[in-house]
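Chemist: Here the sequence shown is numbered in the numbering used here, starting from 4 and rising by one per residue.
Worth flagging that the hints you see were computed from the coordinates, not collected in a lab. The reader is advised that the hints may include incorrect statements.
Below, in silico cross-link-like pairs of lysine-lysine (BS3-like), each with a Cα-Cα straight-line distance of 27 Å or less [stated by the list, open to error]:
(1) 370 - 509
(2) 509 - 499
(3) 154 - 370
Derived Cβ-Cβ restraints for the label pairs, each shown as a range [to be verified]:
(4) 806 - 594: 52 to 62 Å
(5) 475 - 147: 49 to 59 Å
(6) 452 - 320: 42 to 52 Å
The beta-carbon is built from N, C-alpha and C at its ideal position, and this holds for glycine as well.
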Amino acid sequence: MVNIDSEAAFGRRAFAAGVAATLGIAEPDGLWSDIANTGCLLTLGADVATSQPLSLRWIERARDAGALWIAVDPLRSASAEMADIHVPIRPGTDIAFLGGLAKYAMDNSLWQPEYVLNFTNASYLMDPAFSFDASSGAFFGWDPMTGTYDKTSWGYQTDGFDTWNMRFDGEFSWVRGEGVPAWAVPSQPRCERNITLQDPACAWVRLQEFLARYDLDTVATVCGVERSLLERAYGAFAATGAVEGAGKVLAGPGLVQHGTGAQAARAAAVVQLLLGNIGVPGGGISYLGGAANEGLADAMGLSPDMFCGDLPWPTEGETTLQAWLEAHTEPAGAGSLRPRALVSALREWWGEEAAFDNDYGYDWLPKAPAGGASFSEALCTGLLQGCFLWGADLVGSASSGVTADDVGRLAWLVVTDGSPNLTATFWERVEDPSQQQTTVFQLPSVLGFEKAGIRASGGRLLQHAEAAVEPAAESRTDAAIIGDMWERVFNLYDTKGGAATDPILKARWDYVTSDSIDLVKVAWAMNGYVVEDSDWDGGELVLLEGADGLRADGSTACGAAFLAGLWSNGASAADAAEQPVGRRDGADESGLGLFPGWGFTWPGNVRVRGNRASANLAGQPWVRERNLLTWEGESWACIDAPDFPILRDGRWLEPDNQAFPGTWEQVGLLVSDRLGDGPVPEHYEPLESPLNNRLNGAYASPVLLAAAAKAPGAAGDDGAVDAAVADALAPDYSSMQADRAAYPIAAVINGSDGRDGARRALSETLAAAEPGCFVEMSASLARIRGLATGKWARVFNERGSAEAPVLVTDRIRPFQCEGNEGHYVCLNGMALGSEDAAAAMWGVLAPAAESPVGAARDVKGFLVDIEKA
Numbered sequence: 004m005v006n007i008d009s010e011a012a013f014g015r016r017a018f019a020a021g022v023a024a025t026l027g028i029a030e031p032d033g034l035w036s037d038i039a040n041t042g043c044l045l046t047l048g049a050d051v052a053t054s055q056p057l058s059l060r061w062i063e064r065a066r067d068a069g070a071l072w073i074a075v076d077p078l079r080s081a082s083a084e085m086a087d088i089h090v091p092i093r094p095g096t097d098i099a100f101l102g103g104l105a106k107y108a109m110d111n112s113l114w115q116p117e118y119v120l121n122f123t124n125a126s127y128l129m130d131p132a133f134s135f136d137a138s139s140g141a142f143f144g145w146d147p148m149t150g151t152y153d154k155t156s157w158g159y160q161t162d163g164f165d166t167w168n169m170r171f172d173g174e175f176s177w178v179r180g181e182g183v184p185a186w187a188v189p190s191q192p193r194c195e196r197n198i199t200l201q202d203p204a205c206a207w208v209r210l211q212e213f214l215a216r217y218d219l220d221t222v223a224t225v226c227g228v229e230r231s232l233l234e235r236a237y238g239a240f241a242a243t244g245a246v247e248g249a250g251k252v253l254a255g256p257g258l259v260q261h262g263t264g265a266q267a268a269r270a271a272a273v274v275q276l277l278l279g280n281i282g283v284p285g286g287g288i289s290y291l292g293g294a295a296n297e298g299l300a301d302a303m304g305l306s307p308d309m310f311c312g313d314l315p316w317p318t319e320g321e322t323t324l325q326a327w328l329e330a331h332t333e334p335a336g337a338g339s340l341r342p343r344a345l346v347s348a349l350r351e352w353w354g355e356e357a358a359f360d361n362d363y364g365y366d367w368l369p370k371a372p373a374g375g376a377s378f379s380e381a382l383c384t385g386l387l388q389g390c391f392l393w394g395a396d397l398v399g400s401a402s403s404g405v406t407a408d409d410v411g412r413l414a415w416l417v418v419t420d421g422s423p424n425l426t427a428t429f430w431e432r433v434e435d436p437s438q439q440q441t442t443v444f445q446l447p448s449v450l451g452f453e454k455a456g457i458r459a460s461g462g463r464l465l466q467h468a469e470a471a472v473e474p475a476a477e478s479r480t481d482a483a484i485i486g487d488m489w490e491r492v493f494n495l496y497d498t499k500g501g502a503a504t505d506p507i508l509k510a511r512w513d514y515v516t517s518d519s520i521d522l523v524k525v526a527w528a529m530n531g532y533v534v535e536d537s538d539w540d541g542g543e544l545v546l547l548e549g550a551d552g553l554r555a556d557g558s559t560a561c562g563a564a565f566l567a568g569l570w571s572n573g574a575s576a577a578d579a580a581e582q583p584v585g586r587r588d589g590a591d592e593s594g595l596g597l598f599p600g601w602g603f604t605w606p607g608n609v610r611v612r613g614n615r616a617s618a619n620l621a622g623q624p625w626v627r628e629r630n631l632l633t634w635e636g637e638s639w640a641c642i643d644a645p646d647f648p649i650l651r652d653g654r655w656l657e658p659d660n661q662a663f664p665g666t667w668e669q670v671g672l673l674v675s676d677r678l679g680d681g682p683v684p685e686h687y688e689p690l691e692s693p694l695n696n697r698l699n700g701a702y703a704s705p706v707l708l709a710a711a712a713k714a715p716g717a718a719g720d721d722g723a724v725d726a727a728v729a730d731a732l733a734p735d736y737s738s739m740q741a742d743r744a745a746y747p748i749a750a751v752i753n754g755s756d757g758r759d760g761a762r763r764a765l766s767e768t769l770a771a772a773e774p775g776c777f778v779e780m781s782a783s784l785a786r787i788r789g790l791a792t793g794k795w796a797r798v799f800n801e802r803g804s805a806e807a808p809v810l811v812t813d814r815i816r817p818f819q820c821e822g823n824e825g826h827y828v829c830l831n832g833m834a835l836g837s838e839d840a841a842a843a844m845w846g847v848l849a850p851a852a853e854s855p856v857g858a859a860r861d862v863k864g865f866l867v868d869i870e871k872a
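Input sequences plus hints: build the corresponding full structure.
Modeler: Structure representation (structure tokens):
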């Protein structure tokens with residue numbers, strides 16, 4: 004296997020990377036019902052009224068209680084029409100908008116001091132070398148030859164280290180237990196702090212200095228909006244920084260489908276930290292985009308660098324279990340418990356074959372090459388010989404970066420889907436179909452409502468549901484297809500051998516009942532159980548109640564530690580309705596929309612992530628009416644499941660400032676060394692932009708430019724940043740002027756994944772709602788190009804061209820471009836099934852380069868020209 008990936012790469016992965024680099028939490032949200040608790044709603048690149056209309060129920064409840072709705076979107080979408088304030092920023096300027104918001108809150112004392120001082124790293128002293136050169140647009144540590152940063156200077160000043168307490172009553176006494184692998188345990192740095200926030204080296208001062216360029220006038224010019232409108236929006240949302248306030252961010256693909264998408268998500272998280280809006284009812288950040296179950300994809304291992312259970316995948320440099328533990332065990336916080344999660348996962352993968360003496364089968368895990376190719380890179384360079392495509396349409400998805408010609412490089416392709424898609428018939432969209440040698444196998448699978456099992460929805464909500472209808476024709480469930488495939492592969496290895504038989508022949512595969520995979524048994528494996536006390540065949544198990552029950556000595560098995568507790572009722576182990584994930588109790592004694600008995604939210608049925616921050620340092624709620632938990636002098640009283648440790652060996656843990664245990668600092672990170680493209684979110688123009696960068700001297704992100712130079716088909720030389728990138732980093736932008744003259748119009752691709760088009764084709768009503776592809780433009784641009792609604796236009800650049808009918812609307816307006824009128828178009832819609840041969844393939848127009856951080860691409864801001872077809 005060369006690569007495994009999912010549609011999370013089309014946006015959600017960048018979002019998760021950005022917020023996790025700030026909060027240690029990939030999904031810092033609550034249920035949709037929590038929207039009703041907010042005092043101000045900020046939607047960023049999300050048209051919730053169109054894509055998530057059910058959310059309007061809760062938005063309107065919040066507005067009935069006095070909440071304001073601010074929509075930040077270049078397009079006057081349905082959500083923008085409904086919102087109280089619409090800020091039509093220029094495509095690709097989200098970070099500038101959010102940086103200006105952060106500065107506005109800090110300058111006007113609208114941030115929450117007690118929250119920021121105690122629950123963020125604002126007081127931590129940064130390395131003396133930490134700096135940003137606005138003239139070059141690069142942070143300290145930039146290496147132009149490798150196109151990467153040395154992040155050493157993005158750390159803290161320290162005063163020694165604290166060793167782990169491994170005494171019999173210590174926090175880490177489990178490390179000395181029998182059967183626990185040996186490794187050099189980490190020591191926790193003692194970070195120097197200045198609680199007055201006056202030291203020039205503290206993160207607070209460094210952030211203030213960094214954001215000094217993001218004044219209202221500059222940001223208004225960069226974003227292409229009126230200063231007064233910007234100030235009105237900033238004032239409304241920053242007001243939620245009051246102790247009694249709460250503001251929520253709803254982010255969509257428009258925020259993160261850029262080469263700097265992870266930093267855009269991080270910018271939103273930084274704003275929410277400054278305002279004290281993480282961990283409180285009505286606060287947080289929700290991502291409203293992507294397919295069902297996509298939020299679980301990376302954490303379940305459908306990622307090039309993530310192992311099942313939200314753990315880093317072993318690399319070729321981590322050849323032993325000891326090496327992995329030393330590389331990935333954090334000095335404190337949730338990451339310090341990774342040995343428990345990994346050993347328990349290995350115990351589930353290989354059962355009794357996984358033992359202390361063989362490192363619990365760690366050697367049998369494939370080791371990923373360091374800096375290995377992404378899926379699209381591997382496909383475009385011919386590294387892949389074959390591909391299994393499950394429930395995805397790469398050719399039909401504009402965000403994938405995959406074209407029909409790319410698919411044609413495969414020797415074989417297996418497409419498993421519930422409806423025809425464009426990838427399965429890719430040869431119809433290449434110049435010479437007769438030259439295609441790819442063998443395509445199509446396996447019909449059931450649609451979501453045709454299969455039983457656990458499914459994920461917004462707010463991290465997991466629910467078990469039975470199949471609504473019987474599968475159509477000869478379609479089969481994914482589990483049945485996988486089970487059949489496993490049996491055939493196992494038999495081949497068993498009878499004919501192979502280069503590495505042990506990982507297959509020694510794998511634990513006890514999920515079959517009556518010749519088919521039993522999803523109940525899979526749920527047991529995901530939840531986790533005590534090995535010796537469980538009778539798997541008899542259905543009598545000691546199931547784990549939560550991740551606290553995991554052990555690193557091989558006594559527990561758990562396929563996904565973050566899901567521990569979703570199927571925990573061992574007394575009725577075979578009955579989904581008796582499990583937390585099968586609950587349908589609509590009671591809500593909190594009055595805050597928690598509904599703790601309705602399904603299960605990962606991890607641990609926590610409804611509001613980061614909820615330790617809903618109370619002050621002493622453990623008392625900021626607002627008594629929105630109480631999630633309280634320290635009562637000797638114990639915690641929790642209305643929501645705690646998102647932090649409250650007990651150790653049966654003893655209550657007193658309140659402290661460790662509100663975000665997902666980071667080793669256990670606080671939120673205003674300045675962070677977790678992302679590879681910068682410690683603080685900085686505005687850069689897209690790879691292709693009609694404007695120069697007004698905030699720094701770099702045309703685009705240096706890391707993204709380097710990735711573009713090394714992308715398949717680029718002119719890079721042995722991984723070095725080539726001359727084109729060097730020119731782009733220069734302030735005169737000379738190499739960019741020609742592109743702007745030839746392709747003066749910015750383009751934004753708006754479309755769902757290709758499967759939606761295929762399924763819409765099956766319904767006349769859905770097909771009529773959006774009948775294929777079209778180009779949306781302003782009346783001003785239509786006059787310049789001589790186009791009108793219904794006429795066909797050709798959209799093109801040096802990468803390709805596409806034709807589609809025109810729709811002229813007032814939802815798009817021109818923006819100011821170096822003193823002149825600038826224009827952008829929306830490339831909307833998708834092919835309606837494999838029969839729609841005339842459909843425009845918008846993806847061929849977007850830059851192919853992926854950011855090394857979050858795998859995002861610039862599909863919402865690149866240059867094209869347009870003419871009559």
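Chemist: Now, for every hint given, state plainly whether the structure supports it.
Modeler: Here is what the structure says about each hint:
The suggested pairing of residue 370 with residue 509 holds, with an alpha-carbon distance near 18 Å, which does not exceed 27 Å. At roughly 15 Å between alpha-carbon atoms, residue 509 and residue 499 fall within 27 Å of each other, so this suggested pair holds. Simply put, residue 154 and residue 370 have alpha-carbon atoms about 25 Å apart, close enough for the 27 Å limit, and the pair holds. Taking the beta carbon of each, residue 806 and residue 594 are about 55 Å apart, inside 52 to 62 Å as hinted.
About 56 Å separates the C-beta atoms of residue 475 and residue 147, a value consistent with the hinted range of 49 to 59 Å. Between residue 452 and residue 320, the C-beta spacing of about 44 Å keeps the proposed range 42 to 52 Å intact.
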